[in-house]
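K.L.:
In order, the protein sequence lines correspond to chains A and B.
Taking full-length UniProt numbering, the leading residue of the first sequence gets 1, the next gets one more, and so forth.
Taking full-length UniProt numbering, the leading residue of the second sequence gets 1, the next gets one more, and so forth.
Accuracy of the hints is not assured; some may be wrong.
What the hints assert, rightly or not - Among chain B residues calculated to face chain A with C-beta under 7 Å, some are:
1. V62
2. A66
3. G190
4. V224
5. A232
6. L284
7. Q288
8. G309
Hints were generated in silico from the structure; no laboratory data involved.
Virtual Cβ for every residue (Gly too), placed ideally from N, Cα, C.
Protein chains: 2
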Amino acid sequence: MTQLSQLDAYFTAHRDEHLNEMKEFLAIPSISSLSEHKEDMIIAANHLATLLKKAGMENIQVRDTAGHPVVTADWLHADDQPTVLVYGHYDVQPVDPIELWHSEPFKPEIRDNIMYGRGASDDKGQVFMHVKVLEAMLQSPEKLPVNVKVLFEGEEEIGSVHLDQFIIDHKEELKADLVVISDTGLYAPGKPAVCYALRGLTGVQINVQGPKGDLHSGIYGGGVQNPIHAIATLLASFHDEHGTIQVEGFYDDVRDLTNEERAAFAELDFNEDDMKAEAGVSELFGEQGFTYLEQTWARPTLEVNGVFGGFSGEGIKTVLPAKAGAKITCRLVPDQDPVIIVDLLRKHIETHKPAGVEVEITEFDKGKPFITPMDHPLIQAAGESYETQYDEKTAYIRAGGSIPIVSTFDEILQAPVILMGFGLSTENFHAPNEHFHLDNFDKGLRVVSDYFTRIKK
Amino acid sequence: MTQLSQLDAYFTAHRDEHLNEMKEFLAIPSISSLSEHKEDMIIAANHLATLLKKAGMENIQVRDTAGHPVVTADWLHADDQPTVLVYGHYDVQPVDPIELWHSEPFKPEIRDNIMYGRGASDDKGQVFMHVKVLEAMLQSPEKLPVNVKVLFEGEEEIGSVHLDQFIIDHKEELKADLVVISDTGLYAPGKPAVCYALRGLTGVQINVQGPKGDLHSGIYGGGVQNPIHAIATLLASFHDEHGTIQVEGFYDDVRDLTNEERAAFAELDFNEDDMKAEAGVSELFGEQGFTYLEQTWARPTLEVNGVFGGFSGEGIKTVLPAKAGAKITCRLVPDQDPVIIVDLLRKHIETHKPAGVEVEITEFDKGKPFITPMDHPLIQAAGESYETQYDEKTAYIRAGGSIPIVSTFDEILQAPVILMGFGLSTENFHAPNEHFHLDNFDKGLRVVSDYFTRIKK
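In isolation and in its complexed conformation, chain A is listed as follows:
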């Protein structure tokens, strides 16, 4: 009987016990954004440390940061085998609007083999899954086939504010050959996915100043530049009518999709009508020459997130306003550099600035895009591990969003990041009635066990 068969039996035998333990963990209201839960964050971190201890991990530490604690542990007895850093987060989103929950967010309960409770899917349920994999392996005679370090933070839902610095400060201690994160989802129910690329983020705010104060549009209108006309002209200059970005050099560093990637995306089940319904639009709209998945996963964007100026109340006010402005963010893809992109934006704005107004630009935070190439052996191995448990072929996907901490791992630790998620996009993370399908928990335990075994040299 192989170790994997033994583990399978172990997971089956201990299932009830594990689900009860998961409930205990989910019951701690570890809401990182609310100061009244500061003590609960410490309780959750210590609870996690206890679970790691029970699992047989070593060097378990609950470590203070300027914010909520970081929990670390390791098991490093696999000699020259690869070292895996497992990252996850034990903090959760607030629960409002509480009245929409069918059961209490911090009294987890199972209905129809689905665990309901805040954090069930994002991310305490998936963190717990990893701890149980470690426990199962460490109780078996063969122990872990690879070296493992864990890093669980309590600030993911508030932007991982102190984790970048923690990783920089403990770069040597956290050194690993790969980073495994289970904080994303399957492609669809029953269809596993390895996400190998994320978009980065950068942005600017444009403030346009016209006259010193608001002017009467009758007295001055026609002789003074209107800051709203100026901001509209600037914003309209960013795209052509098909949505292609017109900022000179913007696409220069974009890594082209490989034929294999395009083929992989094209094979995925994608229904345009379903997507229109999901997004709530009557038609999709994007850069020509690319499919919807290519547009949203592998092409950069320049999105105006907000525009403001003049009077926006009810009715009419004949004002020629003093100010107008807009907030812009760009989603970036490999190998775009946020610093270069902001420079190009500045140049574009400078070049297209209409006469008669002053324009001021302020910069937002920057996050680099991330990619571990689709054909990387550690990515392909993850896909194969999924396929031992799921009947469908693994989807190799990208995601359009940004997970800043992934770029940090990529950049500081210089290790490939493997996003192996077991959630579903319909599981209401960040919303009432968050849940986690327990068949994916069951499969996840086995997929991760297989993966650790598979990447052994």
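Using the hints provided, position chain B relative to the given structure of chain A.
P.N.:
Chain B in isolation, oriented as in the chain A frame:
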């Protein structure tokens, strides 16, 4: 001794008495917009009726409307001479911020031959001036050289809400050969002006609907049209880079300035640096081929008064918003028709609507532009009357703003409107420390007397 010389002597002899009476009238806090002053509005209307009675006017009536009263009177014994309708308003603006007043707004006082108090210039002081002209003429043996009707309203500062209907309902009673209004100003201190044209007004609100709800810009960005991009594209399509309006047919009905008008404007003392300082801009900006005065007086505009969409708080929110919108008003010049212009706007928006969004248009109120041609004898006569009292030549000017009631007189009574103002733009109407230079009050009494005499057949 002519009647005008007698009147001159009369005004001089009664000056102190008149100024005391003006103070009594200004002391009534006739703020039309504040319901706690409803009773004061009635007191002011009755006070005005008493002044008209003392002046020797006939058929004096304080007439109820759905809002504040209208005061009417007449003197119609000049046989086949022209009939003048004198219009003015006895309501005033609120006084906030009260702490910025150097003397109490409703305890008028004279300092350096300037009357300080709310309504001194706009418009109770000028209404009072007209009443004193009537009084002076009616006490003289020759009486009035023309027939006179007066119409003083109490709702000008709140948009003359009930006056349009009053004029329509009493069209026959108000019938006149000309309408004289003293509610505007001189061109500059010592430089008289007759304003012979005003711009009209119309406008629309554009609401752009994209997705049903706000979307995550990472997940959907690149594949869904952003309503802010759409509104920016629409707004940018309205003008070229020089500010010329690009709506097809927009300028078709614009009556060209005559050579005489352009020459008259060019002769006026206009200092670009002073205007930049006044408007608070570093450069002026407008349609090419026209001077600043031509741009703001005699050319139509399309001004975006407000734009809104997405997130406008501090920092960043990576949203692809569901909605965006803008409020637009056009200042119109003779012979543009607001109804036609709104039609052209609708067509333009329809033609330029970007893909992937729905656009809804709602219309604002419409006001027609007004003009009594500069060379009209009644306009020229007004200029000549000014020149009997002022050392400077009369400026024949237009104004960029809109006075909706002027269009109503023009349209319903079909009588030329003569705007003979004696205020100054620096006299803080609508602001703390409103005042009225009494040398212009003195001259105004004589100018209006001269005008009534001059237009006699």
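K.L.:
Does the interface hint hold: is B/A66 within less than 7 Å of chain A, judged Cβ to Cβ?
P.N.:
violated (20 Å)
K.L.:
Less than 7 Å between beta-carbons is the criterion; does B/L284 satisfy it with respect to chain A?
P.N.:
holds (5 Å)
K.L.:
Go through the hint on B/V62 and say holds or violated, using the shortest Cβ distance to chain A against 7 Å.
P.N.:
violated (31 Å)
K.L.:
Does B/G190 meet its interface restraint, that is, does its C-beta lie within less than 7 Å of any C-beta in chain A?
P.N.:
violated (21 Å)
K.L.:
Is the interface hint satisfied for B/G309? The criterion is a beta-carbon contact with chain A at less than 7 Å.
P.N.:
holds (5 Å)
K.L.:
Classify the hint on B/A232 as holds or violated, based on whether any CB of chain A lies nearer than 7 Å to its CB.
P.N.:
holds (4 Å)
K.L.:
Would you settle whether the hint for B/Q288 is holds or violated, based on the nearest Cβ-Cβ distance to chain A being less than 7 Å?
P.N.:
violated (11 Å)
K.L.:
Is the hint on B/V224 kept, meaning its closest Cβ partner in chain A is under 7 Å away?
P.N.:
holds (5 Å)
Consistency with the previously given hints fails for numbers 1, 2, 3, 7, ordered from lowest to highest.
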